[in-house]
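*Asks:* Sequence:
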Amino acid sequence: RCYSNHADADQNLNENLMILLATAGCNYIMGMPLGDDIMLNYQTTAFHDTATVRQLLNLRPSPEFERWLETMGIMANGRLTKRAGDPSLFF
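Taking this note's numbering, the leading residue of the sequence shown gets 543, the next gets one more, and so forth.
These aren't lab readings, by the way, just hints derived from the structure by calculation.
Keep in mind that the hints are not guaranteed to be accurate.
[Unchecked claim] Simulated crosslink set (DMTMM-like; lysine to aspartate or glutamate; CA at most 25 Å straight-line):
hint	residue 1	residue 2
1	LYS624	ASP550
2	LYS624	ASP591
3	LYS624	GLU612
4	LYS624	GLU606
5	LYS624	GLU608
[Said to hold, decoys possible] Beta-carbon label-pair distances, calculated as ranges:
hint	residue 1	residue 2	range
6	ALA551	THR613	34 to 44 Å
7	LEU631	TYR570	16 to 26 Å
8	TRP610	MET572	29 to 39 Å
9	ASP579	ASN558	18 to 28 Å
10	ASP550	LEU631	20 to 30 Å
11	THR613	TYR584	27 to 37 Å
12	ASP550	GLU608	32 to 42 Å
Predicted, not measured: the structure shown is a model, and the values here were computed from it.
No residue lacks a Cβ here, since even glycine has one placed at the ideal position from N, Cα and C.
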């Protein structure tokens, strides 16, 4: 879900919908860095929102994605590490 700045929507609605989708079993939620698409001028969920919902609902990423996250040092024991969000991992 995303919304433009002139829509009758806000981040609370976005977060509520994300929780509802996760409890319904949705397995893909789009995220943008910090939740802002500066090119298209809209807001959506951020990568850290997905991690927060997983933690709140005791969910885990798919096994292959979780292994990759652990290999990169981004996740350990189902939680983001201090390296999460560090762009130097990809340089």
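*Asks:* Given a hint of 34 to 44 Å, does the C-beta separation of ALA551 and THR613 actually sit inside it?
*Replies:* holds (37 Å)
*Asks:* Tell me if the beta carbons of ASP550 and LEU631 are separated by a distance inside 20 to 30 Å.
*Replies:* Taking Cβ atoms as reference, ASP550 and LEU631 lie about 38 Å apart, which means the hint is violated.
*Asks:* What's the verdict on LYS624 and GLU612, does the C-alpha distance respect the 25 Å limit or exceed it?
*Replies:* holds (12 Å)
*Asks:* Could you check the hint for me, namely that LEU631 and TYR570 are 16 to 26 Å apart, CB to CB?
*Replies:* Check passed, 23 Å falls within 16 to 26 Å.
*Asks:* Does LYS624 pair with GLU606 here, judged by a C-alpha cut-off of 25 Å?
*Replies:* holds (21 Å)
*Asks:* Is 27 to 37 Å right for how far apart the beta carbons of THR613 and TYR584 are?
*Replies:* Check passed, 32 Å falls within 27 to 37 Å.
*Asks:* Starting from the range 32 to 42 Å, see whether the pair ASP550 and GLU608 falls in it by beta-carbon distance.
*Replies:* Cβ of ASP550 to Cβ of GLU608: about 37 Å, so the range 32 to 42 Å holds.
*Asks:* Holds or violated: are the alpha carbons of LYS624 and ASP591 at most 25 Å from each other?
*Replies:* holds (16 Å)
*Asks:* Sort out whether GLU608 lies within 25 Å of LYS624, counting only the CA atoms.
*Replies:* holds (16 Å)
*Asks:* For the pair TRP610 and MET572, does the Cβ-Cβ distance stay inside 29 to 39 Å?
*Replies:* About 18 Å separates the Cβ atoms of TRP610 and MET572, which means 29 to 39 Å is violated.
*Asks:* Is 18 to 28 Å right for how far apart the beta carbons of ASP579 and ASN558 are?
*Replies:* 20 Å Cβ-Cβ, so the 18 to 28 Å window holds.
*Asks:* Between LYS624 and ASP550, is the straight-line Cα distance small enough, at 25 Å or below?
*Replies:* Violated - the C-alpha atoms of ASP550 and LYS624 are around 35 Å apart, more than 25 Å.
Checked against the numbered hints given earlier, the structure breaks hints 1, 8, 10 and satisfies all the rest.
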